[in-house]
Amino acid sequence: MSNPKTRLFLVLFAFNTYSIVSSDEVQLNISSLADKLGQSSSSVAASSAVSPVFKAAVDPVFSINMLSSFPEDLEITDYCSNLLHIFGERYVTYVNCLVPAARPVKVCQSCYSSYGRLRETYLNISSDQMGPSNESCRDILLRSDRLMLVPELYSNLKGLWDKSNCDNCITEGYESLTNDTLYFMNTLNHTLSCFEKYSPGNHTELCKSCKTAYSQLNELYSGMERNKTMCIDIEDAMNMTRRLWSKKFNCSFPRKETVPVIAVSSFMLFLPIIFYLSSFLHSEQKKRKLIHPKRVKSYSNINIQDKQS
Amino acid sequence: MANITKKVSWSSRADESGAPGEGTPLLNGAEPRLSRQLSGGGNIFHIGRLSTVDLEEEMTSEEDSLRGRPKEIPHNEKLLSLKYESLDYDNIENQLFLEEERRMSHMGFRCLEISRWVVCGLIGFLTGLIACFIDIAVEELAGFKYQVVKQNIENFTEVGGLSISLILWAVLNSAIVMIGSIIVAFFEPIAAGSGIPQIKCYLNGVKVPRVVRLKTLVVKVFGVICSVVGGLAVGKEGPMIHSGAVVAAGVSQGRSTSLKRDFKIFEYFRRDTEKRDFVSAGAAAGVSAAFGAPVGGVLFSLEEGASFWNQMLTWRIFFASMISTFTLNFFLSIYHNNPGDLSNPGLINFGRFETDSVAYNLYEIPLFIAMGAIGGLLGALFNVLNYWLTIFRIRYVHRPCLQVMEAMLVAAVTAAVSFTMIYFSNDCQPLGPEHTEEYPLQLFCADGEYNSMATAFFNTPERSVRSLFHNQPGTYNPLTLGLFTLTYFFLACWTYGLAVSAGVFIPSLLIGAAWGRLCGILLASITSTGSASSCIWADPGKYALIGAAAQLGGIVRMTLSLTVIMVEATGNVTYGLPIMLVLMTAKIVGDYFVEGLYDIHIKLQSVPFLHWEAPATSHWLTAREVMSSPVTCLNRIEKVGAIVDILSNTSTNHNGFPVVVEVTLGDEAPKLCGLILRSQLIVLLKHKVFVELARTRLTQRKLQLKDFRDAYPRFPPIQSIHVSQDERECMMDLTEFMNATPYTVPQETSLPRVFKLFRALGLRHLVVVDDSNRVVGLVTRKDLARYHLGKHGLEELQLAQT
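Protein chains in written order, with the UniProt record's numbering: chain E, 1 to 309; chain Y, 1 to 802.
Read the hints as simulated data drawn from the structure, not as lab findings. Be a bit skeptical, because a hint or two may be false.
Unchecked claim - Mimicking EDC-like on lysine to aspartate or glutamate, the simulated pairs with C-alpha atoms at most 16 Å apart in a straight line are:
1. K106/E / D162/E
2. K686/Y / D733/Y
3. K211/E / E158/Y
4. K287/E / E72/Y
5. K256/E / E154/Y
6. K106/E / D236/E
7. K702/Y / E100/Y
8. K248/E / D447/Y
9. K294/E / E625/Y
10. K706/Y / E101/Y
11. K208/E / E158/Y
12. K289/E / E77/Y
13. K294/E / E796/Y
14. K286/E / E72/Y
15. K247/E / D447/Y
16. K671/Y / E638/Y
17. K791/Y / E595/Y
18. K256/E / E158/Y
19. K211/E / D447/Y
20. K287/E / E77/Y
21. K756/Y / E613/Y
22. K286/E / E77/Y
23. K289/E / E72/Y
24. K688/Y / E729/Y
25. K671/Y / D770/Y
Unchecked claim - Taking beta-carbon pairs under 8 Å as the criterion, some of the chain E residues facing chain Y (in silico):
26. E257
27. M268
28. S283
29. P293
30. R295
Since this is a predicted model, take the numbers as computed values, not measurements. A virtual CB, placed ideally from N, CA and C, is assigned to each residue, including glycine.
Extracted from the complex, chain Y is given alone in its bound form (with noise of 0.2 Å):
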């Protein structure tokens, strides 16, 4: 009712916006009420208005000369691309799929059920296999990098010449990192970084290109290899993930379109929907072997990603996690000549904390939440800086040359600054009885001694995160640390958006623990007089775990997910509570400043992603606003030349065409009997399913689902797809094929709603039609994530091609 009211109220506005000036005061006459929340809306959008105001008044002045010439402005964030499509999510329910439904027994589904376990226990098995690669090459490869540069400062130090180790050093790492970087700059670019933020755009239901392909797994693994052994402030854990997504979408379609193999297995699972389930636990697989979390893995893929769960869903996650975890465990353990130990999973191993350091008490929470807000902090202050910087690379370094030059002095300054760094430390620790310190740098210490610098720089992240949460108080002296912190949170926040693979969980765990360890050192030299509580205050590891967990929820803005990976990845519950505050806090804290990273990124990218709810104050937007219009319809019976046509016009790049029905009488316009898509209609003229080739060769084998599913996923262009002057003539009957009953909205309905139906039920295409079922537009998902509240109300993104 309401709803009606609102909308009569707008049309009314809208035929007095023909004459320009304050028409509201009559309005405001006429009904208080409305009124009062109309120009409510009316302010926030004269604000709003004020971001694009420069952009839009040239369009409206001049728009009809501008629809031939498009506008050009520089990247930014408040833009969608084009070149994201959805996923279909949806189930297509036309006469086929019903039909093999039909055919299909009981004991089929049955299989059915049974291969989805399997592909799971694959997809677990899988990814912990490329998990121990990576571990393995890495420890492997920056061993022997830093044995020799080891060598080589050692013999410098004595007779002079440091500075070519430096040298030395610093090419070493840009060498390594060149390697890596030029594969994902010239050869597949959407493995560059994390991964994360396109694993969640995936599961958000965007098809992001090349996303899960066998190629950009290859580099994905190559790639971080290259980056973590080069040096860089960067983790192996971010691409975990995204490779395990790869082999998920990989290993559910039992082929292989880049290495043209088809096993004929599994083909049932070729299409979107199935596809997607199992990217879901291909990435919670990968977080399972990053962290040895099996749980925060399903937690992760629940929070990060799926929309869509059911309890049978999660419970094959599960599976796929646990399966990778002690996948990775089992082969770990080989490799470590301690066959059969299933106990130390994870590609980063917190190690275990010892229970008299775990204690913590009640007088302690306040201090965890303080430095929960610290690192909510200083993960806003990293965020916006690395938002500046990929903006600046989003315009000025996009050339794959440029990227890699980039990438080369990022290695080669990351070398210099750890030299310079180690070289006038001079805080000196005595070596440990059991060496701990994997490659012990003396320097100009005492002999016996080594650089206490040196095990923070001089080492692999993972190692140094390790060596901060549990080496003996005293380890370190605060200059250090402070130092440390300093120079990596910048040198982290320059790295990460390069064009290599990498993660950045651990250096933000690094980052976090080496201020967290700091706090731990500072409040036990003022406590120290009390010489009860100073055992309690003294272990410095806890702080520094506090500090990683702060930190990382700075940055990346995770909370149940990150958790529990964290509770895991210490194997410690009692931790749960202080790391929930800390995390909880620097989520408060940092979303009061800006968004989590991954957030930034995909912001950046364009990509049109829809969030968990619609933007709040859009209630007075319908359908009728949202939707594109008009619409390009196909008949129900087609002739064949006239979707060749509208297939190949690159200017509408239309991917759903409803269906419609002439009406018999009258002039009415036609009625919509169904939905099709641009990849059916290709197969169906592969195909040429054609009535008049129907009727001559009675014959013909009958198009079944098989037929679409062999072409899923990568449907040919419509350029390749020959069709000659007479077959133009053909006629085409959709009705088979198409949708039958695609979902439809009244244009009535508020935009909130659209977008309930839209996110729950993973839509592509949403028809809006009138009272008498006419089409009058349709909603896709760039039509709703376009809208998104700014900081001065709801702005409206704009579309463009990149």
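Here chain E stands alone, though its shape is the one from the complex (with noise of 0.2 Å):
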């Protein structure tokens, strides 16, 4: 632990290596926080993005400029940093796991481990306790500037997280699956295998056969739906399932009872014409008697209707 400096470009130089296997978005946040930890030309920065190696390179420079730069109170201490390499290392590793779970969704299922463990480190970085030499990491990682960029980072995959109800299928402390979310998955399991034993034969009879199975994955998904213990993977496997089932299997049900329907309903369509027609027949007409206002004689002659003839 010579120079903490050196050890933050080591940080960076880990992330850049890892950008290169991970999403666009995440380089580019990892540019930015080349950025921000003090390098103030942004083509080092947007160089360091593209080559990693060079980056590494010229390292040693940046750093004396650095140290050049600030006086030591200032600077920051090396549990601070200790805990930033940390977090950047988890933060990594969620990402690199997200990302092949995107599709079909297993997010929850597959990261939750993960992401516990950056969480852990955040709320690490963000608690008020005290390291070592009686510093807390709160004031000078989170806030010490416009961009605030671990927190930003953090909220961007936290919103991730929230968005997706990993938290419904996950026990407390992300140490497993609940139980609700095993027992969907084993009976998921048990659906699309039935699925797979006949799909390649006639629909008609996968449809008969995998019914029960589905229809009781069915019952189960609208349960966790009501009592709101739904994940992203659950509503995503149960989504893709129901189009295996009503699109590929064609099992909705068919529009059978066109004649009853069309024979009722026109029945009542009927009602009305014969309600009309015998009101019309027999209902007697009412009647208005008219009444003759009294007027002046001698004018009356000229009034409207008499005048005229």
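Assembling the complex is the task here: the two chains are given apart, and the hints tell you how they should meet.
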């Protein structure tokens, strides 16, 4: 631990190497992280994103610059930079896990542990808890600049996590999937294997044979929907299964009662016609008695009606 | 001056008219300028006469025999009913009134002003509560009904037997509608329909029997709940306006005649003048509760009703509107479990339009105007169809049990048609993430999808409107919308005018929103190639709003208030301009064909409704031709027997009697000295205010204005007042009670002048006198309302007993 700055750039280097394999967005974030750490020249940051090797090579130069620019007490301590490092590593791990789980969605079941670890680190950073030399990294890492990169990065992923409702499928402490979820997965597998078994043959047979499994799954799903114990994994798996069932195997209910429905509704449409006809024919027409108002006799001749003839 | 010459020429013409044949050429030669005028007028009449020609010819030929035997004709729109009386808006300034005013202190007037505000606050509060009650009841009951039917449909989709679901749905609908229809048809027929025409008449100064009674309110509220829950194509907004008006009329009187409770408060307000002001406040409060549009409510009262406005009254009405909106708001917030949230007003809440979807551009304005024209056309079609239907209903479906049956049939057919549409719809949409669809029906759609036609039909109309405004682009496919518009148009048209209490606002909005959205989708698909502009075109919700405004404007033809209501209900001032343009276009196009729906219904009810202006081309008519004559007059000191006889004469059910004083010299006709109303005479008879009795019993309490107010508004009929033979010989002195300064006009006053006076002052009787103040005739509302401008010039309506 000779020089904290060197370490920091090693972290950066690690980020960049990872970023090659992860998505564009992450890469962008990391390059801006490089910005944040004091490299005023954006061109360097950009180049670092493109070529990490070059970046590593120029590292010492920059560390000298840094050392010369800030006095000792404003510097980031070992402890904090260590935390930052861990955060970075776990961040990358989580992102690496997420991307392959995007389709079909398995973000909860495959990445819950890495999210748990990431969260733990972040909580460490953001807690008031003092480090070994009586220091708190919260202020220095989280809110010492306008960009607030670390919270921003974290809130992105947390947003994803919340949006996918993964908390519903994972036990407290991010240890395992909940029993409900496991049970659902079991049922799902059962159904899917049934599909697989019959899919080469006639679809009608599939519809008949897998119906119990499928409807069991459906029921389970709607129960979970009501209890709000669903996460995106379950929703997506169910959606896919339903699509298989309805679209691919065409097992939806056929429209088979056309005749009775038409018969009943045309009967009902027929009723008003009878009603109006019968009331026209049988009901006595309402008559109004005309009243003749009193008018001036002598002038009534030039009144409207009587004048013209 | 011109008036006099005209009159002279007319009278000369009258002389000539004794001889048949062409008399006008002579006149032509005498005075060319005038004669042109005359022959023009004559021409109009000649054409105008065609419409009533067969009736009149008979009458002139055997006039005398016809007087005894009244002629009967089928009901049509060209009648004036005898059952409608005028309100006494004009203050009766008799001696009692002056006395009371003298006695009243300055403080008394202050208190009166304060109590007016209190009454307005109460009106707003109670109207809001009623709106809240209706809303919650409809939501709960409709939710229950749709749950049951949905459950049933889901069960039967699998095992078969959907026709049973159809029958279940139809039977449920009919049963609920039957309840609503029975209470309307058998207990209070005036509560049928939206109530807006009736309130419009009331504010115009027509006393519609039983329109502002407590019983009407109760029937209205429960009737509207039944009809909305029963799945008819109706809304609950129109009845809110009527309810508000009834609340106002009840609260302001401080008592309920139906419940026989008198709280001994607000006694000063027990007369037509005050009551009518409060009723306009109540109507405003109703609008404001229905749409969450306080300003719109005030403007509605202004546009549709009151002709007597001042700044303080407006301000009070606005107060009532505001209170009503926020009462509703407050209680709904409690119902929705976030008490204290006051930001979600209105029975129908159009929801907020987000900022990016409200954007519109200059080049869209012509499109909006075109949509306005379509709205006007469709509205006119709606009105014409409804007009014929209503005539048929009045003529043939007038027995209450038939009316109930008809309503039930409509409910059943509505369910059947909806079900068939849903059944055969192939439009499946994926379920939204947050389940904006209240009762999604899957039917034959793939799992996880729902039938898009069902969101439009299988829902309360308000929710359908909201989903049409706000659902994502692509939620409905064009075929669904087209079919929906078509069916709903005819259903709504068929439904309005049934014996159920229900409004036409929401169905119109729904029809308009459906075809508006259709327009939006078509536009988007036409211009989808242009990438830059397509994002603006693509939002169909905007077009749905414009379409809704156009359709509603085309049907009811309201302008100012409707614009403000729409703007307030969407909470978006940005749309002010397009909505205004659309409503203007819709009104212009629609008025070219037929009147607004409410005006049609007012006409069909044979109400003597006075429009803003006298019909054009009626200046040549003078008070002499308009007035009724001869007039039944009373002497200032009249024999009781004579009064009783006049009042009990059923053939001449007069309400106002000019009071005359005999001139001592010669045989000159008596001169006018005042006017007295039937209601006053009845109170006088009831209290036996006879000259002889006053002489014998000196201690007798003097009759006060309070005695008249206590009898208001249901004065007992003359038959219930017993007058003994001895009392018949007594005399009654009317000096103290009559209105000593009634408005009078000379015989030569032109019709528009009489009309203006009558309308602006809210008169009930206008005495026509000659140059020496002798009574010649009496002009009443029915005398004025019978002239109207038809297709062929000036026409005259018949008086009829209904």
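Taking each numbered hint in turn, which are not upheld by the structure, reported in ascending numerical order? none
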